Amino acid sequence: MALLPAEIIESRTRHTASLIFLHGLGDNGYVFGLNPSNWLPSSSGWADTLRNVVPPYCKIVCPNARDMPVTLNMGMVMPAWYDLYNLGIGAKEDESGILEATKEVAKWVAAEKTAGISADRIVVGGFSQGGSIAFYYGMTNVEQKLGGLVALSCWLPLHEKFVSNSSVATANRSMPILQCHGKVDPIVPYELGTLTNSILRKLGFANCSFSSYQGMGHCSCSNVGCLFTEFMPSWNWLWEIADVKTFLSTCLPPANG
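Numbering (the UniProt record's numbering), first residue to last: 1 to 257.
These aren't lab readings, by the way, just hints derived from the structure by calculation. The structure displayed is predicted, hence computed values, not measured ones. Quick reminder that beta carbons are idealized off the backbone N, C-alpha and C, glycines included. Honestly, I wouldn't trust all of these hints.
[As the list claims (entries may be wrong)] Pairs of lysine-lysine residues, derived as DSBU-like cross-links and limited to a Cα-Cα distance of at most 30 Å, are as follows:
(1) K245 - K145
(2) K245 - K113
(3) K92 - K183
(4) K113 - K103
(5) K245 - K183
(6) K183 - K161
(7) K202 - K161
(8) K161 - K145
(9) K113 - K145
(10) K113 - K183
(11) K202 - K145
(12) K107 - K183
[Claimed, not checked] What follows is a list of derived Cβ distance ranges for each label pair:
(13) P69 - L99: 28 to 36 Å
(14) T194 - A115: 35 to 43 Å
(15) S118 - G215: 33 to 41 Å
(16) K183 - S118: 19 to 27 Å
(17) K92 - A255: 39 to 47 Å
(18) L87 - G215: 16 to 24 Å
(19) S209 - G75: 32 to 40 Å
(20) G116 - S249: 15 to 23 Å
(21) S198 - I8: 29 to 37 Å
Sequences and hints are given; from them, build the entire structure.
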């Protein structure tokens, strides 16, 4: 089972939980200062940011997407989980690419389970396009319930299929979900976030919280990369990061024994 390359930060104490987190379009999961990509002026450092958010017994896995042409960006080749044609309600979607990316997440979950971490001690999450894949995996995973799902500034792809299929993801209907979105997001419209939350509730995902942030755009990182995706000054992402930290501590409490 070949895994995508990933930035991995081992737990600071005995490993009893894992967070698998997917970066956004054009980004990667490397720690700050070690970004080999030329797409950003500085690494947005997801692994580096998350090391200060997870509990000490939690391992961080930040897989890196493959490079591919992205239609939305005039065919430019960049790290992407699947092709994007547009962002907005009703936009055309790359279904085959979404399904393939979801399989990559499943491989990493399986790897953590092989390492001795049960599914209910694994949280899957992501930002923007990466968050959409985390969402899709969480909604379609039919195995043991995951520990939780973190969805930042993203949407549920192929959502019309979920609306028309009442049997989807019954294994995870009680899974804790934290959905966060900036109210002035210029990249992924806030309306996509609220639509996703509405769909989740209609499907019976009652343990889903939706946090919105006044004045925050498309941003969720604690370093300079944030400034280049936000296009406006805002420090509300600090509240979002704090919400993620609280969520992880709640759904991944210290293990017994």
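CB-CB spacing for I8 and S198 relative to the 29 to 37 Å hint: 35 Å, holds
Outcome for the supplied range 32 to 40 Å, where the beta carbon pair is S209 and G75: Taking Cβ atoms as reference, S209 and G75 lie about 38 Å apart, which means the hint holds.
Verdict for S118, G215 (Cβ pair) under range 33 to 41 Å: 39 Å, holds
30 Å Cα cutoff - pair K161, K145: This hinted pair holds, its Cα atoms lying about 21 Å apart.
Given pair status - K161, K183, alpha carbons within 30 Å: With a Cα-Cα distance of about 26 Å, the restraint between K183 and K161 holds, given a limit of 30 Å.
Satisfaction of hint between K183 and K107, Cα-Cα up to 30 Å: The hint is violated at about 34 Å.
Given hint K183 paired with K113 - CA-CA distance at most 30 Å: With a Cα-Cα distance of about 36 Å, the restraint between K113 and K183 is violated, given a limit of 30 Å.
Hint consistency between K202 and K145 [alpha-carbon to alpha-carbon, up to 30 Å]: Cα-Cα ~19 Å, so holds.
Given hint K161 paired with K202 - CA-CA distance at most 30 Å: 13 Å, holds
Restraint status (C-alpha distance of K245 to K145 at most 30 Å): Within the cut-off at roughly 21 Å; holds.
Distance restraint evaluation - G116, S249, Cβ atoms, bounds 15 to 23 Å: Between G116 and S249, where Cβ atoms are some 21 Å apart, the hint holds.
Agreement of K113 and K145 with the hint, judged by alpha carbon distance not exceeding 30 Å: 12 Å, holds
In the structure shown, a violation is registered for the earlier hints numbered 10, 12, 13 and 16, in ascending order.
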